[in-house]
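Chemist: Read off the chains here:
Protein chains: 6
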Amino acid sequence: MNSDRREPAYLLTEKQVADKSEIARRFLDTRTRLNGHVEKADNFLVKRFYNLDHNAYLEGSLPAKYKELMGLVASTCLRCDDCIHYHIIQSYRLGVTRAEQEEALNVALIVGGSIVVPHLRCAYELLTELYG
Amino acid sequence: MNSDRREPAYLLTEKQVADKSEIARRFLDTRTRLNGHVEKADNFLVKRFYNLDHNAYLEGSLPAKYKELMGLVASTCLRCDDCIHYHIIQSYRLGVTRAEQEEALNVALIVGGSIVVPHLRCAYELLTELYG
Amino acid sequence: MNSDRREPAYLLTEKQVADKSEIARRFLDTRTRLNGHVEKADNFLVKRFYNLDHNAYLEGSLPAKYKELMGLVASTCLRCDDCIHYHIIQSYRLGVTRAEQEEALNVALIVGGSIVVPHLRCAYELLTELYG
Amino acid sequence: MNSDRREPAYLLTEKQVADKSEIARRFLDTRTRLNGHVEKADNFLVKRFYNLDHNAYLEGSLPAKYKELMGLVASTCLRCDDCIHYHIIQSYRLGVTRAEQEEALNVALIVGGSIVVPHLRCAYELLTELYG
Amino acid sequence: MNSDRREPAYLLTEKQVADKSEIARRFLDTRTRLNGHVEKADNFLVKRFYNLDHNAYLEGSLPAKYKELMGLVASTCLRCDDCIHYHIIQSYRLGVTRAEQEEALNVALIVGGSIVVPHLRCAYELLTELYG
Amino acid sequence: MNSDRREPAYLLTEKQVADKSEIARRFLDTRTRLNGHVEKADNFLVKRFYNLDHNAYLEGSLPAKYKELMGLVASTCLRCDDCIHYHIIQSYRLGVTRAEQEEALNVALIVGGSIVVPHLRCAYELLTELYG
Chain A
129 MNSDRREPAY
139 LLTEKQVADK
149 SEIARRFLDT
159 RTRLNGHVEK
169 ADNFLVKRFY
179 NLDHNAYLEG
189 SLPAKYKELM
199 GLVASTCLRC
209 DDCIHYHIIQ
219 SYRLGVTRAE
229 QEEALNVALI
239 VGGSIVVPHL
249 RCAYELLTEL
259 YG
Chain B
129 MNSDRREPAY
139 LLTEKQVADK
149 SEIARRFLDT
159 RTRLNGHVEK
169 ADNFLVKRFY
179 NLDHNAYLEG
189 SLPAKYKELM
199 GLVASTCLRC
209 DDCIHYHIIQ
219 SYRLGVTRAE
229 QEEALNVALI
239 VGGSIVVPHL
249 RCAYELLTEL
259 YG
Chain C
129 MNSDRREPAY
139 LLTEKQVADK
149 SEIARRFLDT
159 RTRLNGHVEK
169 ADNFLVKRFY
179 NLDHNAYLEG
189 SLPAKYKELM
199 GLVASTCLRC
209 DDCIHYHIIQ
219 SYRLGVTRAE
229 QEEALNVALI
239 VGGSIVVPHL
249 RCAYELLTEL
259 YG
Chain D
129 MNSDRREPAY
139 LLTEKQVADK
149 SEIARRFLDT
159 RTRLNGHVEK
169 ADNFLVKRFY
179 NLDHNAYLEG
189 SLPAKYKELM
199 GLVASTCLRC
209 DDCIHYHIIQ
219 SYRLGVTRAE
229 QEEALNVALI
239 VGGSIVVPHL
249 RCAYELLTEL
259 YG
Chain E
129 MNSDRREPAY
139 LLTEKQVADK
149 SEIARRFLDT
159 RTRLNGHVEK
169 ADNFLVKRFY
179 NLDHNAYLEG
189 SLPAKYKELM
199 GLVASTCLRC
209 DDCIHYHIIQ
219 SYRLGVTRAE
229 QEEALNVALI
239 VGGSIVVPHL
249 RCAYELLTEL
259 YG
Chain F
129 MNSDRREPAY
139 LLTEKQVADK
149 SEIARRFLDT
159 RTRLNGHVEK
169 ADNFLVKRFY
179 NLDHNAYLEG
189 SLPAKYKELM
199 GLVASTCLRC
209 DDCIHYHIIQ
219 SYRLGVTRAE
229 QEEALNVALI
239 VGGSIVVPHL
249 RCAYELLTEL
259 YG
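Protein chains in written order, with our numbering: chain A, 129 to 260; chain B, 129 to 260; chain C, 129 to 260; chain D, 129 to 260; chain E, 129 to 260; chain F, 129 to 260.
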């Protein structure tokens, strides 16, 4: 897009993550299926928003892995399970360790409070499937 | 209620919408079943709130169809799938086109950001069932 | 923890509530299962947060039953079904009547508006199973 | 409104609270001035909503003082300084102690997390003016 | 941007609105001053987001005036005074009547609940300055 | 607290930041003054929460500077100007560059949408004072 941004170097494909975790597989399959309805609609503004969204997490001044963890913190504070799953998977694909994921979730727990806890539980279930 | 408000002229019944879309049918059935518990409780304040809620979407200075789309924008920004389904169905019953629904969802997407996207996907799935 | 706080005197165990309500059973089972993942992780900050969370609802200057109802109001305004289920169950275990639960839900409905209604419906379904 | 609800027995008038606390005075004056614009508009639905809102905090199955504290918890979790001021003042007028106000704020802090802290600070400033 | 979107036909300039209302003037001046800091930074992604944001409110399948009112409803539910001021001013510039603004605010009040009321008061103060 | 966490190595004191930026000075002064009311109250649970909050941003598996930026993203998505100011200042004290701060704000803008923009403007004003 612009010169100082570039695609992150993923260590794993989405498929490899899906092969490791049933939760990840179900999430990715549903996401793909539903995105099909959005893509078919071919809405101009939605496509541009998706493009901007993609751009925000590219390698830049900040390493992509920390941006994904920022996305995870935001998603957890705003309490969206789908977004939490997505950013845990993306972080995992970028080599983020379990300890790093937990520390990011801790920031979200403190900022967002106990209303975040039900989402934290689901996040930990996914962490268990991914990291064992 | 007061003289300048009146019931909107729906082009379709809820049943006709349910016959067209399986998502709409499931949503409407569950809503009816759960509302049964609320109605049976016969709570004075809840009944008055439901009445006010109904009143807010009547034909008035603003056409009912735009009020339903405002309800859709609010529901999408506040990220409530049930409310999104409800206002898409109500708008559909009032003859709102798919392009109009998508433009309202675009306002919600820009105001509310990517945290809205998982709800946008579900909204588009329902739009596909309703408008083909 | 500190001298002026003490455990509430529950009139019923969680198991007794689960025996009375299928919704409560499913909620409590899922919560226990998912908490297993959190406990196994043994994250220092999460454990301390859970401890603080427990502390906030103990008998103190305010009776525990009103604190649980405050938790219910907060959970309903913030629209978390799991948290709503939890505080309805805890209130029930402390002898809160159905009329008291409904009045707390009314405060939440007025503060939080119609976006709260889908969660209110689920709350009333649980109230019906618990109080008949 | 209906037979089982009645006005709470306030121990203090709003004016007496304003005489005690400069923060309370400024809040109450601004609120009165701005409500003047709303009242002059004489909007049917707004008036009915204000009436319902008033009704939700009356003495009922739950004592009014606990309902005001529930309003305080909800306002703090939803992070509205005006609403926090209002419910602290109302609770104070009903004889709620400082220890009770702090315990209600603790529930809100745990549920809502550190994002609540800036509002907690303002709440404590008002508590200091009211209770010394 | 794309062929089916076009700039709305404003009946008034921002300056004409500022000449009519002191609240509008202060808001617009502060907004311009602060936007100066954003513009000077010349951040690629921010500029693209601003562009998308502008695009979402253009004349399209939905008339621009209803899109501005949708922005008003969303801003009121999400409780942002700046955004409320902005969309009231934009709607006013497009010829929206006071009755229409009030009905949009009513939808937001019902969806968002009493936590919206402090923002409703400020909205009505601006309506009074604009419409007399 | 526990062995693998330690205080970050700040490059600047709060006072040095206040000397550089008038916005930072006002924010820090107000924060200190209001925290005085909280500290004087000596509330057990609040003190423990403050302690946990402090703990969440220590050096650990994640460098403190990225945790502060995560706090910034969360604060921006949840739209709290005080929290935004705080985390920008803390990040600045840890040597975070302006480009890094902007990229974190971009993640927040995309996740949180245009409702975030008024807070983004204030953030950029502070960035201008700090980085020139």
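Check the hints yourself; a few may be wrong.
Calculated from the model, a selection of chain D residues having no Cβ within reach of chain B, i.e. all distances over 10 angstroms [claimed, not checked]: (1) ASP147; (2) GLU150; (3) ILE151; (4) ARG153; (5) ARG154; (6) THR225; (7) ALA227; (8) THR256; (9) TYR259.
Derived lysine-lysine pairs resembling DSS-like cross-links, with alpha carbons at most 27 angstroms apart [to be verified]: (10) C:LYS175 with C:LYS148; (11) F:LYS175 with E:LYS168; (12) B:LYS175 with B:LYS148; (13) A:LYS148 with C:LYS148; (14) B:LYS148 with B:LYS193; (15) D:LYS148 with F:LYS168; (16) D:LYS168 with D:LYS143; (17) E:LYS168 with E:LYS143; (18) B:LYS175 with B:LYS143; (19) B:LYS168 with A:LYS168; (20) F:LYS148 with C:LYS175; (21) A:LYS175 with A:LYS148; (22) B:LYS143 with B:LYS168; (23) B:LYS175 with D:LYS175; (24) C:LYS168 with C:LYS143; (25) B:LYS193 with D:LYS143; (26) D:LYS143 with D:LYS175; (27) C:LYS175 with B:LYS168; (28) E:LYS148 with D:LYS168; (29) F:LYS175 with F:LYS143; (30) F:LYS148 with F:LYS175; (31) E:LYS175 with E:LYS143; (32) A:LYS168 with B:LYS148; (33) B:LYS143 with B:LYS193; (34) A:LYS143 with A:LYS175; (35) A:LYS175 with E:LYS148.
The hints are simulated quantities; they were obtained by calculation from the structure and are not laboratory data.
By construction, the Cβ of each residue, glycine as well, lies at the ideal position given by its N, Cα and C atoms.
Chemist: Any hints from earlier that this structure breaks? Give me their numbers in increasing order, please.
Modeler: 10, 11, 12, 13, 19, 20, 21, 25, 27, 30 and 35
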